[in-house]
Structure formats: C-alpha cells, structure tokens
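Asks: With chain R's structure known, arrange chains W and A on it following the hints.
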Amino acid sequence: MSDSKIVDARDTFCPGPLMELITHMKRSNVGDTLELLSTDEGSGADVPEWVNKVGHEIISNEKIDGVWHIKIRKAK
Amino acid sequence: MRILVVGGGTGGTIVANNLARRLSAEIRARKVRLTMLSASDKHMYQPGLLYVAFGQMTPDQLYRDQASLLEGSIDFHVDPVEQFHLDQNKVITKSGKTYEYDILVMATGSRIVPEEIPGMAEGAETFYTEASAVKMFKRLREIQEGTVAVVVGVPHKCPIAPVELVFGLHDYFKARGIRDKIKIKYHYPIGRIHTIKEVAIWAEPEFKRMGIEYETLFNVSEVDVENKVVRSEEGTETPYEMLIAIPPHRGMEVIEQNNLGEGGWIPTDRFKLTMNGHDNVYVVGDTTNLPVSKTGSAAHFEAEVVSENIASIIKIGTPVRDYDGKVYCFIETGHDSATYAMFNYQNPPDLKPPSKPMHWFKMAYNQMYWTSVRGLL
Amino acid sequence: MTTQTETPLDAMPNEDLQRLVEFAQLVTAGRDAMSDEIVTRLAGAMSEGLTLLDRLTRNEGLMHLLKVLDRQDTQHLLIALSEAIHAASQEIPAAPPATGGLGCMLRVARDPGTQEGLRLLSVFGKHLSHSMREQHRRGG
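Here the protein sequences come in this chain order: R, W and A.
Residue numbering for the first sequence follows this note's numbering, starting at 16 and increasing by one per position.
Residue numbering for the second sequence follows this note's numbering, starting at 31 and increasing by one per position.
Residue numbering for the third sequence follows this note's numbering, starting at 1082 and increasing by one per position.
Chain R with its partners taken away, still in its complex shape (with noise of 0.2 Å):
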C-alpha cells in the first residue's frame, strides 16, 4: 500500500483544510490515500460529509493534541 500524502492544512481559515483537501484529492490517483491535518474544530464533520457525498472512503478520523488527523482514500 502506498504511502499517505500529508495535507498540513493546520492554522489556516481561508480557503480552508476543507478546500485544500478537495484540492489535493482532485491532483491524486485512484486508490492514493491523502491525511489531512487541521485545527479547526469543525473538520471533523465537514470532512467525512463531503468525503462520503462525493463518493470517497474514510479511512480514519480521530483527534490528536488539538489536530484532526483525518485518512481518505480517493475511490473515483
């Protein structure tokens, strides 16, 4: 399995850790698995909306120190 590509999005309001996903995941392949790192208190629901609305997996959502770890996988 391949390495996760980090999305280090902490720290940041605007466009967003949301955003910069979409971003990131619209230049990965099919099957890569992106983790994005954010520090804002709502990613940890706004992300697996859009993942799952999408069509994308999640993989792993858990809070570490303060930062949202969040593991997706691009299935489409």
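Check before you lean on any hint, since a few could be wrong.
[To be verified] Calculated Cβ distances over 12 Å to all of chain W for the following chain R residues:
#, residue
1, Asp18
2, Thr48
3, Lys78
[Said to hold, decoys possible] Quick look at which bits of chain A chain W covers, simulated, 3 or more residues with Cβ under 8 Å:
#, segment
4, 1130-1137
5, 1144-1155
[As the list claims (entries may be wrong)] Capping the alpha-carbon separation at 30 Å, the derived lysine-lysine pairs in DSS-like fashion look like this:
#, chain 1, residue 1, chain 2, residue 2
6, W, Lys227, R, Lys91
7, R, Lys78, W, Lys302
8, R, Lys68, W, Lys227
9, R, Lys41, R, Lys78
10, W, Lys227, R, Lys20
11, W, Lys213, R, Lys68
12, R, Lys20, R, Lys68
13, R, Lys68, W, Lys258
14, W, Lys215, R, Lys41
15, W, Lys258, R, Lys41
To be clear, the hints were calculated from the coordinates, so they are not data collected in a lab.
We put the CB at the ideal spot given by N, CA and C, even for glycine.
Replies: Below, chains W and A without anything else, positioned relative to chain R:
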C-alpha cells in the same frame, strides 16, 4: 549580489520596488544588481475584472505600464523565463538569454484551467480574464429571463469572489428592473455557502433576503453545453439560461514544465517563504503551495516580508521576520456597502457589519493600489 | 431627589446639543452627497499626489535647489529677477525695432546696460560651468 525577480504582478512588483528602496545605496555602489523578468509590459489590477463584468469599469482602466510602476534602478525586461536551472542558479528566457542570480524571487502567479471540467470553457461565462469579463457583461445586458447559475471550481484565486459575484448579480438585475424574471442559483463545493465560516454565517440570511437560491456540496463534474445543464459529482444537476463559472486554477505552465511543483504550486515554507530545498529561492503570491488564500493582499504581505528579509540578509547576514499568514480582503456586499475579512495563521476572521464608508475605502483602494505596488503604501 | 442619574446629555446646555445635531446633519449630508465617482477621483488625485511627492523628495538636485532657494541672498536674486522681468516686459515692446547692421551692433555694445547684462550672464555661466566640472570630477 544579483537579485532576480521572475513575475511582474502584485507580489513581484512590490518585492522589486521595496528592495530598490531598501538597497538604494548598495545598488548605486554597484554591490547589488536588481533585475525583473516578466511575460508582459503591462500590469493588470485583477480585482477590477469583476467591475468590468458589471460594466462599472472599462478594460483600459485595468492596466498601467509595468515600467512606469518600477523604481529606475530596476533592470526590467519583458522576456519570460522558459527554463529554470535552480541547481546552477540560473534561468534561460524565451529570447535565449541566460540570467544568473544569487537570490531568486518566484512570483509567477496562477492561471485558470476551465478545460479541466468538460464543457466549462465552451459553456460558461467567467470574469477571470479581460476578454471573458467583457463577454460576460454583454451577456448580462442581453439576458431577459431564466436561471443564472453560478458554479465554483477548486482551487481558485480570490476566495470571496463567488459571494461578491452573486450580490453583484442581484444588484445588477434589480437595476435593470428584471430581478423578478431572473432566478439566481449559487452552487458551492463544500457543506456551507462559503469556506470562511464567518462569511457563510453572515451571508446565509442575506441570500434568503435577496432571494438567491443555493445548493451546497455541489462539485462541478461537467457542463452539458447543448442542453444547458450543469452537473455535479454528487449526481445533481441544474438547468441554466446563463452559467457563470469561477474556474479551477493551476500555477503557470512554466512551473509545471520545469517540475518545480505539482499543479504549478511551488512547495514553500509557510513562515520563511523560501522554496523547500532552496534557501536562496523565495516564493510569493499565487504560485506558492501554501494553504493561504490566493489573493493580492496575501501576495502584498508576503512580498513585504521577503523584501525585508532579503535586504537584511544582504546588510546584516540574517533574515529578520517571518510571514504570519496575514490576509486582508474587502468584501463588497452590494448596494454600496462593504466589509472586510482580516486573519492570519493565529487569528480567525472577525467580520464587521457592512457599511458605506467601507465601500468607499474599497473604491479608494482601487486607486491606491497603484501607489501601493510602487512600495509607497 | 432625582429618581434617575443625570446623563451627560441631559446636563448639556441646549445650544451645544443643537450644534451637535447640526454637525451630525452635516455629516449625513456629506455621506449622502458622496458618490463612488467622488471617492474614486479624490483617492486617485491623492495617490498620484503621493507618488509625485515621493519622486520629488527623492530627487537630490531638486532638494538641493530648495535649500539654496531658501537662502537670503538667493531671495535677493529671485526678487531682482522678477522685477527685471517686469521692467523688461514694459521696455521691450515700447522700444523701436533694431535697424540691423554693424552700426546698430556697435551702438548696443557701447550701452552700459548691455555691458551689465553681459557681465551678469558671464558670471552666472562661469559658476555654472565650474560647478558642473566639480561634480563630474567627484564622480556624479
């Protein structure tokens, strides 16, 4: 000491002018040489494009001669770079010339790539170039009724543009007296109407008040030009009479061709603004890969930090400050009102209620921009 | 006994209040009169003015000229110059046109006024030339 600035937009121009002022003695004594390379002899005030799209500015008002904005001590050439040889500290331009440098500043900006979405280039209006903004205005003048759909590609420069656009559309059709015959439908890729939470919270009741419909979690997948329908990855679709798109963006082609960054976005240190792996290369503006808004204001603040640091390195051997992520953006809220969003890496935006004086500040800034790129403000 | 604390507004004499109201009305009238075009033109003029001022203040020659112009003896020269301009603009149109030829030339050369004028020009030219040579020598 040879300093080379590649790119004559907001970031590049401010870096060059600030350095020319800070290092004027060194330049006169021929200890420092300051060169700028740009693809164009003109400098465009990009925020003016939205005004052009609504017929509030004519295209000529967007431009000034780049040379007229630069300090006399800057060696300026309209000769775009085609090859970057960072390991040898040199670049080769379109005319075949080689420029060697000790310090390089990358300020090449970004471009729209509507072709990434099938049908978008053919079927959607946009205001991100002069020609398309004029074309969009003419269509806005002609349309009599139907749905005007607004879609947003990712990533794009000027994150506030979608909101300013719909407020502008509302005002424009009201002024034309046909607002009741036009349905405005706004589509946004994430689960709220704008990526900045404070803007989304403030704008939602405004949208309702203005009768602007919206659909969130709409990621554009294709534009069916023949049937005039725009479709999303999520499986929904909106028929339209007129489609306005804020297209997805990439960094300049030359950055991709030279393998300097995926998608044309150069990997940059978020505080030092140096290119990863190259301490003598600075990056400002849209072309960084930083999760910072691609705006003129970010380019401006980054340029201030970079020019101060390059000057201090030359004078005392070390940089003096870090970029704190500062961005300051006007938000035109329609009907001669405006507010602004200011934030940095540590502090979220804190929107003030829109006011008329703030709108005048924006109007004044449209003129003050030229003074600020000269390094005076 | 007062049932509520007197506010500063209540304590103000009527004329002051009236003036405040008028001032507020003036501000509102100003705001209503302000238009995008006015703001744009004002800001444009101020921006261009700032740019020009910046250029002028960084012009070494111009700043030096200003310093010299401030001096008392320079003031005398400037006043004399303006009076001379005034006198000449009266005298020249009134004087008969030159007749031409060597004879007229000799007559003009013999005139003390002409000799004063030539001397002034020569002194001025001498110093100008000297200063330019000095600066070139110093590497300007």
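Asks: Taking the hints in turn, state whether each one holds.
Replies: Here is how each hint holds up against the structure:
| no. | hint | verdict |
| --- | --- | --- |
| 1 | Asp18 | holds, 15 Å |
| 2 | Thr48 | holds, 16 Å |
| 3 | Lys78 | holds, 18 Å |
| 4 | 1130-1137 | holds (count 3) |
| 5 | 1144-1155 | violated (count 0) |
| 6 | Lys227(W) with Lys91(R) | holds, 28 Å |
| 7 | Lys78(R) with Lys302(W) | holds, 28 Å |
| 8 | Lys68(R) with Lys227(W) | holds, 20 Å |
| 9 | Lys41(R) with Lys78(R) | holds, 25 Å |
| 10 | Lys227(W) with Lys20(R) | holds, 26 Å |
| 11 | Lys213(W) with Lys68(R) | holds, 26 Å |
| 12 | Lys20(R) with Lys68(R) | holds, 22 Å |
| 13 | Lys68(R) with Lys258(W) | holds, 24 Å |
| 14 | Lys215(W) with Lys41(R) | holds, 25 Å |
| 15 | Lys258(W) with Lys41(R) | holds, 25 Å |
Hint 5 from the earlier list is the only one contradicted by this structure; the remaining hints agree with it.
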